[in-house]
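Residue numbers (this note's numbering), protein chains in the order written: chain V, 2 to 314; chain Y, 2 to 216; chain W, 164 to 272; chain B, 2 to 563.
By construction, these hints were calculated from the structure, which means they are not laboratory data. Among the hints, a few may not be true.
Computed footprint of chain B on chain V; a stretch qualifies when at least three of its residues, placed anywhere within it, have a C-beta under 8 Å from a C-beta of chain B [to be verified]: (1) 64 to 72; (2) 85 to 91; (3) 172 to 186.
Simulated DEER-style distance windows between Cβ atoms [unchecked claim]: (4) V:H16 x B:I62: 37 to 45 Å; (5) V:D262 x B:I136: 40 to 48 Å; (6) W:L257 x V:D262: 49 to 57 Å; (7) B:V140 x V:L253: 45 to 53 Å; (8) B:R502 x V:N63: 38 to 46 Å; (9) B:P466 x V:F76: 40 to 48 Å; (10) B:V140 x V:H16: 47 to 55 Å; (11) W:S182 x Y:L71: 48 to 56 Å; (12) V:P97 x B:V474: 34 to 42 Å.
Glycine residues also receive a C-beta, built at the ideal position from the N, C-alpha and C atoms.
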Amino acid sequence: MNFAIFPPEASRQAHEVDLIFLALLAASVLILLGVLVTGIVFAVRYRRGSPAKRGQLPEWINREVEITWTVGTLFAFIFIFWFAGVTFLAEYKAPPNAEEIHVVGKQWMWKIEHPDGAREINELHVPMNVPIRLVMTSQDVIHSFFLPALRIKQDVVPGRYTTTSFNADRPGTYNLFCAEFCGRGHSTMGGRLIVETKANYQKWAQAQHHVMDVAGQGRALFTRMGCSGCHEQKDHTIAPDLAGLYAGYVQLTDGRVVRADDAYLRDSILQPTKDVVAGYKPIMPSFKNALSEGQLQLIIDYLKTLSGDGGTP
Amino acid sequence: MTTSAEDRALREPWDDLERQRQAALTGIWFFSASELLFFGGLFVAYAVNFYLWPHGSMEAGGHTGLAYGLSNTVVLLLSSAAVAVAAASARWPALGRFSRACVWVTMILGVAFLTIKGLEYRHDIEERLIPGPGFPIEARGAQLFFAFYWTSTALHAVHLTVGLGLLLRLAIVGARDPQWYSKTPAVNVTALYWGFVDVVWTILFVLIYLPGRAT
Amino acid sequence: MRFPRPRKAKAPPTPSIGSLVRAPLIALVVLLILLAANIATAYLNLGGGQIYLNIAFALVSVGLIGTVFMELRKENALNRLCAAAGFAWLAIFLLLTFGDYLSRTIMPF
Amino acid sequence: MTDATLDHAPDKPGDDHLGYLSEGGHTLWSWLTTTDHKRIGILYALTITVFFFIGGVAIAIARLELVTPAQDLVSADTYDRLFSMHGIIMVWFFLVPSIPTTFGNFLLPMMIGARDLAFPKLNLFSWYLTAIGGIFVFVALLAGGTDTGWTFYVPYASNYSDSNVLPALIAIFISGFGTIATGINFITTIHTMRAPGMYWFRLPLFVWSMYAVSLAIVLAPPVLAMALTAIAAERVFGLPLFNPADGGDPLLYQHLFWFYSHPAVYIMILPAMGVVSEVIPCFARRRLFGYSFMVYALVAIAVIGFSVWGHHMFVSGQSAYANLVFSFMSFMVAVPSAIKVFNWTATLYRGQISFEAPMLYSFGFVGLFTMGGLTGLFLASIPIDIQATDTYFVIAHFHYIMVGGTVSAFFAALHFWWPKVTGRMYPEAVARFAAILMFFGFNFTFFPQFIMGWAGMPRRYGSYPPEFQIYHVLSTAGAGVLGIAYLMPLFYLTWSIFYGRRAPANPWEATGLEWQTPSPPPKHNFERMPVVDTEPYAYHRRSEAPEVETQTDQNEQMGGTP
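Looking at chain V on its own, in the form it has when it is part of the complex (with noise of 0.2 Å):
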């Protein structure tokens, strides 16, 4: 089982943040050690009826004592607050040559727009050492689009748009979070960051407009079979919202708790009235012989991307 001791570093600002980490955490185990030292010294050395000299206290522990290490730690802070201030400066300005990625956070899920058009949910790939500029929304609540791995976190909040940037330089999958509390799907927010060479990110983007043929055919299917007709209400009052369904957990109305895998949609689509979601009632006809086995799994493959195929479990 593995577990994470230091959140990866895939980009030079994440570096940079580390530096200052490491460096406050030197600091602080120094201060830390002296203070906890100091007081056991002292604890032992002067116990009640201990040989240890008292009396007095020595002529130099005075006013000067205490005026010294009022002013050492106001300018050791100032110090450190220089520090972490130029960082943040330096670092978090974006270039004006970044790539712009829109990002729309919905209630439990993050849709994802590149500029050539490529969709995503919860899932953001990004080409390697390319400046990248995230443009952020929100549909509803508070979210926050959080990277660990880039050390960036940006508050995305409903009403006006909010800007983070980074420039990804190590391949591979990360972890996508949402770090502000936004209601029942908060922690299955998440999603994946894959940071690929330029060439594997260019084979991506063209295998995108495939998928988007798939998922176009499924959305065809999905409104001419009147499906979108009930689950795309606006209040969901009749049928269940299907988007952040998939590989997430469904509570039924007979108390049992069921994860929404390819059988449930399968199923559902079939027989309807078998596993009805809690507080909805079995009104949905079954499709069982209007739907070809390919009309199935394109419609299946069409709710699929519209909770981010695999999302975390």
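Model the placement of chains Y, W and B on the given structure of chain V, informed by the hints.
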């Protein structure tokens, strides 16, 4: 006779009325500072929204009933003067009746304030100035202005009603026991509370009724 | 701020109503004049600075209410400090909150 | 009545005369209508004990859920309500009232030589406000709790949350005004009711901490009351105060909320500093090092604490300029805290240190508060805060200060003044074991959270990626140990009320006027007004001290105060 009045006015831990009066005044002053920050939250919110939506706020300000606001301010200033005189004259038993008369005048003016405020609310409801679907002004930020208008004036009215309650207690208990009335610090405390309510209204009047008049 | 030891003074003679009412009445008249001036400036089209002028008038009136009606002039230092503390904390709050709002356009990151 | 569990109440007096415990009357009614500051202190102690254990149970279930990465013990919605109720109950119904309303109420008048607080009726009214607020929290709890977190961030709390937010808002609103009334009571008492000779720089530091805390208590909670009223107005009357659809700015709510909530964390820690500044000199038998600097540090924290709230909003969309301003002010407010830690350690120099339970808790306080304070420096520097905020790093930071700091000091105060409050001595050996167990249980629970927080584990997550499971398992195990360490004092202190050794008037030979009354003290504290003519903490003669101090010498030293 006066010692018994003094004893009645004396509260439990105190053995000297003058120090009890000092403590009571210090207490009400700290409470005023605290309540000022309670309304301060509203003032900051109002200032931020005015900065974010100047045009919307100005236009919404134009729709508020200045006649009502003005008469309310005058009424409250008069009542504040009356309660100040009541507090100044309360210490002398000979002026007890005059002081209680001033307290009654203050209460009447306070009730007048509430009735004018009620009329204004009725007028606003008729004009559908309640933030929501059918809001007449479509400038962005106008609904925010009126959201703050309703919240702040309602809270101020609540504070004023509490003030009326305190004044009523003073007038009734004072009438029954004039000696207690001349000794107790409660008169000054109530006067200071009423002064605070007037201070809040003076600021609210400017924030609500004056923007947007110049158009 | 130690309180002066309260002397058991002989009760002062009852002042005339006129002397009691004089100061509040003068203050009332000044306040009404300030109110009228405030409303008059509201109707002059001064553009953006309008609201600051009105607030200035309001603060002057508040100062007057405080000193005359609430007898701040006779109060001891602690109560005056306390009255000032309320407005001082409000100023800190406004200052730093507007430090954020005003600089959102200058230094967004 | 929230604290109906009066069986735990330490007030079933023994047979003989028991000061304020028996003088005021034995009936429940006499307790519910008392204006004696000592009895009101005990009423508060019962109320916050009840809430402390309710909050503890809520987080215990949440911690059990976190043992496994998947969301399998409780549903996500229940998990949200558990941590929200834990936050709300612990902040407003345990930590904020913990030391000021219990020990502040009990000791303040006695420490300055007064018979009672300036406004005794207002004091009782404050307790009733807190109790009514407590009832509303029960209403919220029984109706299923609120799921907005203790921060009630808009627009989730105002437009999207379907949990019962309103009872929680009313509960905090009412108990907030209870705290404000206590603050006003304390400030007026300290200004007007000090005994002759008790000048400002002869006040014990506990009284100074009550003064500094009362400044923050009078000026900060009203802004929270306004923020919560705005949310209630938006939920109930639909007034779009922060609704982004109508142009409202959610950040405006965050400014209003954090303007209260940062001074609130100083409201929680300042009394703890006051308690430790009383306990350490007493058990080290030495004058407090740098008394005047400690006083300036207390007041400086309370005042500068009002200008730092923006460091909670570094990533919330605040402008870079504001980030820098608030980061700088956060470093400035850290300086007085550092000075206080240095002064506590320096007080031990050339002392006669003994290690009773209060001293062990105070050592725990100094250690844990230093770690909490240092991690505060991490969070004040912006790039680190961008990574660490809203993760378990922040949770570990504020628990080190609030639980490691304030709760340790609360238990130090509980043991230090227990003989004075109940007239009984607590069992020393068991108490020392509980203190050490709490220190290790605490570190065992919260240190792993620092590591997983920096590694990116977000807060308020019911399910999480598997690489953080080891830390959650460690933390839950630690929470078990900490839970036991908190339950032990409940038992042995209750036991000591009935069977503990009868306490002398001054068991620790401490200086301070409260120790010059019999324990438990009579209803009116002092028969005649005490006169103060010495420095506080006069534990040894200023001029010199004998080479080896024998027991008798100490008493002779103590002879200074009449």
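Hint by hint, here is what the structure shows:
no.	hint	result
1	64 to 72	holds (count 4)
2	85 to 91	holds (count 5)
3	172 to 186	holds (count 10)
4	V:H16 x B:I62: 37 to 45 Å	holds (40 Å)
5	V:D262 x B:I136: 40 to 48 Å	holds (46 Å)
6	W:L257 x V:D262: 49 to 57 Å	holds (55 Å)
7	B:V140 x V:L253: 45 to 53 Å	violated (31 Å)
8	B:R502 x V:N63: 38 to 46 Å	holds (41 Å)
9	B:P466 x V:F76: 40 to 48 Å	holds (41 Å)
10	B:V140 x V:H16: 47 to 55 Å	holds (52 Å)
11	W:S182 x Y:L71: 48 to 56 Å	violated (31 Å)
12	V:P97 x B:V474: 34 to 42 Å	violated (47 Å)
When held up to the earlier numbered hints, the structure conflicts with 7, 11, 12 and fits the remainder.
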